[in-house]
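**Q** Work the whole structure out from these sequences, hints included.
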Amino acid sequence: MSEPRLTESLIQSLGEQLTPVRRLPSPWLRTLGWLLAVAAIAAWLLAHYGITHMLQRWSGQPDIALAGIGAVITAVCAAWAAFSLGVPGRPARWAWLPLPGLLLWIGASGVGCLRVWVAPATHIASLHEANDCLVFIISFSVPLSVLLIWLLRRACPLRPVLTAVMIGLASAAASASLLEICHAFDAAATDLMMHALAVAIVVAANAAMGGRLLQPALK
Amino acid sequence: MQHSLTIAGALGLDSVLPAWARIDPAVTDDTPTASESPERQRAAWMAAAQEGNKGAYERVLASSVPLIRTAARRQGVALDQVDDVVQETLLTVHRVRHTYDPSRSYDAWLSAIASRRAIDALRSHGRRGRHELHDERAVDLHPDVDDATAATEREQDARRLREAIATLPPGQREAIEQLGLKEHSLAEAAEHTGRQPGALKVNLHRALKALRTRFHGDP
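In the order they appear, the protein sequences are chains A and B.
Take any residue in the first sequence, count from 1 to its spot, add 15: that is its number in our numbering.
Take any residue in the second sequence, count from 1 to its spot, add 113: that is its number in our numbering.
Note that these hints are calculated values from the structure, not bench results.
It should be emphasised that the depicted structure is a prediction, and the values quoted were computed from it without experimental measurement.
Do not rely on the hints blindly, as some may be mistaken.
Computed Cβ-Cβ distance ranges for the label pairs, DEER-style [stated by the list, open to error]:
| # | chain 1 | residue 1 | chain 2 | residue 2 | range |
| --- | --- | --- | --- | --- | --- |
| 1 | B | Glu304 | A | Gln27 | 15 to 25 angstroms |
| 2 | B | Ser237 | A | Gln32 | 52 to 62 angstroms |
| 3 | B | His305 | A | Arg168 | 23 to 33 angstroms |
| 4 | A | Arg168 | B | Thr280 | 56 to 66 angstroms |
Built from N, CA and C at the ideal position, the CB exists for glycine as well.
**A** The following block contains the structure:
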């Protein structure tokens, strides 16, 4: 059979197999679905720990509040970018969207490193306490990443690794935002390092595993 | 123009789209009117196909072939491999047709899938090229030392065929094993492998072509 006839035969065969399909909801709608899950966890943490402690910390050190806002913006933008990259034809440059939020998050967190010199009496996180942050971020990132991958199961990410990086970033940023609710001490170099390490672990794990999980449509 | 209103258009994809819009689709019926560009017509056909309209689906696939060929050539796919990319892209389009959003550019959606399939084909060709032995070297390594009897010749032919089949890509090997060696019907093979009959037919054709080229040298 010649190639053009084979292509015609294939088109005919695909036409015979055609069934109606349910369209993929828009990236915004799926982002909203994922954020609802994050909001449910936040509501549970707030009910458990209360909001007073968090507000006191924020009014005392506004840079911590800025870092929290940066993490939330990063989570929303990275989740939207992940869903957007799951639709063929959407430009890959949307992967830059979380950058401004990320810079705000890193920049405002970095101000906490100066606190050792500016206010020596401030409670600085010990290595043990900072370890708790690492465990918290990774523990919350796992279910949030799984949920994102599940929400992307019908998508077709043509750049699976980049999409997985966005998933990791969204999950880690959302977990860091949730951590703000129950953070018992002020940001400092040790704590910031642990946060950065946790985010790096989550992003790298997603890039390594998520890239493979996200490709069923292309096999 | 529709695509200039989309985010993709706003981000500069417009520079690519008009070039495709100039290519006449390979269809004779339902020719777009002057007020409706070929791209918008394809978008409308795909939207109808998502609802289960078989006629619209076959038309959009047929009119997609020149666009896929253009995308494949742009990625540097050799002319003799372009039809493979066309067929792989059509199969992928069938699997992920639910990801197309009718409010966005169909051509950008299709081109992204075609480009990805073209890159996959280039990679796969590169991998096979590294693993295959050239004929002269294969003859040096495996000289016909015992071709005195017809039985031995037949045995050697069978071995060469088995070896050749083993070097085929997994999809083609599976198709030739199921349809050629085990003599299963298309329906039985589809049930065994979980693949679509159209995909099996394409893979069988490619496998036969590859084996013909290998043994007779004529593509």
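**Q** Do the beta carbons of histidine 305 of chain B and arginine 168 of chain A sit within 23 to 33 angstroms of each other?
**A** Cβ of histidine 305 of chain B to Cβ of arginine 168 of chain A: about 25 angstroms, so the range 23 to 33 angstroms holds.
**Q** For glutamate 304 of chain B and glutamine 27 of chain A, compare the CB-CB distance with the range 15 to 25 angstroms and indicate the outcome.
**A** For glutamine 27 of chain A against glutamate 304 of chain B, whose Cβ atoms are near 21 angstroms apart, the range 15 to 25 angstroms holds.
**Q** Please test the hint of 52 to 62 angstroms on the beta carbon pair from serine 237 of chain B and glutamine 32 of chain A.
**A** Between serine 237 of chain B and glutamine 32 of chain A, where Cβ atoms are some 25 angstroms apart, the hint is violated.
**Q** So does arginine 168 of chain A sit 56 to 66 angstroms from threonine 280 of chain B, Cβ to Cβ?
**A** Given range 56 to 66 angstroms: violated, Cβ gap about 34 angstroms.
The structure is inconsistent with the numbered hints 2, 4, although it conforms to all the rest.
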